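*Asks:* This is what each chain is made of:
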Amino acid sequence: MRLEPRTDTPLALRLLAPVGAVVAALALCALLVAWTGAPVLRAYGLLFEGAIGSRFALTETLTRATPLILTGLAAAVAFRAKLWNIGAEGQLYMGALAAVVVGGGMLDLPAWALIPAVMIAGMAAGGVTLLGPAVLKVRFGVDEVVTTLLLNFVVLLLVSLLLEGALKDPMGMGWPQSAPVVEAAELPKLVARTRLHAGLAIALGLSVLLWLIDTRTIWGYENRAVGANPRAAAFAGMPVTRVMLRTALLSGGLAGLAGAAEVCGLKGYLTLDLSPGFGYSGIVVAMLAQLHPIGVVGAALFIAGIFVGADAMSRAMPVPNYIADVLVATSLLCMLVAGLLARYRLRRG
Amino acid sequence: MDFLSIILDILLSAAFWTAVLRIATPYVLGTLGELVCERAGVLNLGIEGIMTLGAMAGWMAVYQGADLWTGVLAAAACGALLGLLHAALTVPLGLSQHVTGIGVTLLGTSLSYFVYRLVLPQASTPPTVEPFQPLALPGALAQTPLTYLAFLLVAVVAYVLYRTPVGLAVRMVGENPAAAEAQGLNVTAIRIGAVVAGSALMALAGAFLTLSAFNAFFFNMVNGRGWICIALVVFASWRPGKALLGALLFAVFDALQLRLQQASGGVLPYQLFLMMPYLLSILALVLVARRASYPRALMIPYRKGER
Chain A
1 MRLEPRTDTP
11 LALRLLAPVG
21 AVVAALALCA
31 LLVAWTGAPV
41 LRAYGLLFEG
51 AIGSRFALTE
61 TLTRATPLIL
71 TGLAAAVAFR
81 AKLWNIGAEG
91 QLYMGALAAV
101 VVGGGMLDLP
111 AWALIPAVMI
121 AGMAAGGVTL
131 LGPAVLKVRF
141 GVDEVVTTLL
151 LNFVVLLLVS
161 LLLEGALKDP
171 MGMGWPQSAP
181 VVEAAELPKL
191 VARTRLHAGL
201 AIALGLSVLL
211 WLIDTRTIWG
221 YENRAVGANP
231 RAAAFAGMPV
241 TRVMLRTALL
251 SGGLAGLAGA
261 AEVCGLKGYL
271 TLDLSPGFGY
281 SGIVVAMLAQ
291 LHPIGVVGAA
301 LFIAGIFVGA
311 DAMSRAMPVP
321 NYIADVLVAT
331 SLLCMLVAGL
341 LARYRLRRG
Chain B
1001 MDFLSIILDI
1011 LLSAAFWTAV
1021 LRIATPYVLG
1031 TLGELVCERA
1041 GVLNLGIEGI
1051 MTLGAMAGWM
1061 AVYQGADLWT
1071 GVLAAAACGA
1081 LLGLLHAALT
1091 VPLGLSQHVT
1101 GIGVTLLGTS
1111 LSYFVYRLVL
1121 PQASTPPTVE
1131 PFQPLALPGA
1141 LAQTPLTYLA
1151 FLLVAVVAYV
1161 LYRTPVGLAV
1171 RMVGENPAAA
1181 EAQGLNVTAI
1191 RIGAVVAGSA
1201 LMALAGAFLT
1211 LSAFNAFFFN
1221 MVNGRGWICI
1231 ALVVFASWRP
1241 GKALLGALLF
1251 AVFDALQLRL
1261 QQASGGVLPY
1271 QLFLMMPYLL
1281 SILALVLVAR
1291 RASYPRALMI
1301 PYRKGER
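As given, the protein sequences belong to chains A and B, one line each in that order. If you're matching positions, the first sequence starts at 1 in our numbering and goes up one per residue. If you're matching positions, the second sequence starts at 1001 in our numbering and goes up one per residue.
Think of the hints as simulated: they come from the structure by calculation, not from any bench. Fair warning: this is a prediction, and the values are worked out from it, not measured in the lab. Ideal placement from N, C-alpha and C gives every residue a C-beta, glycine not left out. Mixed in with the good hints, there may be bad ones.
To be clear about the criterion: a stretch of chain B counts as covered by chain A if any three or more of its residues have a C-beta under 8 Å from a C-beta of chain A, and this derived list gives those stretches [what the hints assert, rightly or not]: (1) 1109-1115; (2) 1225-1233; (3) 1263-1275; (4) 1285-1291.
Generate coordinates for the entire structure from the input sequences, incorporating the hints supplied.
*Replies:* This is the structure in structure tokens:
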């Protein structure tokens, strides 16, 4: 048996790959659920119901998907250019930090001006955070995987430092949390009396925009060319270094925006538990979407549903809600294999 | 007292050097494990998750009544299994070593937390086990057995890599797999073997945390140690002796920041001190990046007959 590359992967196969991967991951994790002694089908039923079974569940899933779309896009644009940004978690927190600073009453502006200012500040903070490792990569040849990973820890410590010091809320009863952003910086709700906020609209708009840039502009063409083969791109006269830095700003900016939107749309203030690993889950989202900007939306909805559904399920059954994290990790590994099967065919001999 | 005399006082105390060796141990084991994988041409970003699983599995085995060394073996076995998964996906299938590694880390970490919560649903304060006790050897600072084992393993790995046919084969598949194949070596099998062995070493680093350094399992307890090990491998130019040196140097700085943190008496925020290890690792990478000589075939999958 050997693998032979397909010359062309049909669209049906590209769509089938993530579905197959998810089914395989659900089947593998069923073994874990069975090990806990819980009835497997009922557990998955509760998970499904908890994710999309009611109006409330649905809006919760959409709310959870919002940062995942943005971190998923962050990973997708970076991975396309072969910039291995594993630091979306840190960039998200930098964006959130910028949001509470700029939106905390420093600027006295009406909402239509303040909200864009806060979002742009969040993007800038995230983008600059990734620019550092990207510059180290193109100037000194330092591997960005390790530097972006290590920066996640540095950023979290910085946030902790500021939340216990300069940014600490004097009305916060001593908890390490920032003062809330002013009312004019709050993102409006999309559906009344739910937690669903305008961040989702921004995230959806950006995924369409990125898809258009990717397929319709010279920028997108250069990005894809550099990702596919940097040496060939350089030979064709493309500014490889500039494309790399541009991609870093964009990818970090998207992750920073996720943080700013979480603060202004959902929490109102910044704490150290703002993100339960959205940066890392974004990598899984991007891979399930095969790095396609529109696909990211679907993949983010799936991952968000798993997290929200697992929380509901674990309240009713003795299955720890960490099953969601296991499912997400398993989906990633299954997706890698499924992607391979879509790109290659098995041949005898 | 001025700053220099504070540092001198710290450096002259035996307790400081005992702490350095203890802090260095997980870095020695983890760096050694990563080094074995990378020497065979496979980047293993699963290290963080493998260390977490090793920490959990080793502790859990002892908590369930096994003796300490059985716990260590259980950790190594779990690490080897995750290593086998990483190797299966990256070597014969040739999948992206970056993304697979992140996947293995996510899987190892989430699986550890899942199993821990399943066995101990309501543990608000983590239950403890009786850990390894320090063992005073003549002429050495008293350390636990796993620390002595870690230092012994540096010599063993160095000997195997440079003085045995097995080591030559491992280095060869990491430098030039096509030439290795021409010599009649099975590239796939050797790479898988190296990743499995290296991953078992990483899991030992995790087991040291729960069975020697501490006596319980905490969430997030590995805390980026695996990523630091990856930086240390580059810093050590893929040599076991230099890896030991790098881990010790790193531990000196880490132990020093802990003492200075106490000595500063809260004048500077403690988070600044805690950032030092991560920033130092980045700095170390920048310093050596220019002259780093990667194993030639690192991160390049090998398929028979493909050029």
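*Asks:* Taking a Cβ-Cβ distance under 8 Å as contact, does the region 1225-1233 of chain B have three or more residues in contact with chain A?
*Replies:* Contact hint for the region 1225-1233 of chain B vs chain A: holds, 4 residues under 8 Å.
*Asks:* At a Cβ distance under 8 Å, does chain A reach at least three residues of the region 1109-1115 of chain B?
*Replies:* Answer holds; 5 residues pass the 8 Å Cβ test.
*Asks:* Are there three or more residues in the region 1263-1275 of chain B whose C-beta lies within less than 8 Å of some C-beta in chain A?
*Replies:* It holds, with 5 qualifying residues against the three required.
*Asks:* Closer than 8 Å Cβ to Cβ for three or more residues is the test here. Does the region 1285-1291 of chain B pass it with chain A?
*Replies:* holds (count 4)
Violated hints for the displayed structure: none, as all numbered hints are satisfied.
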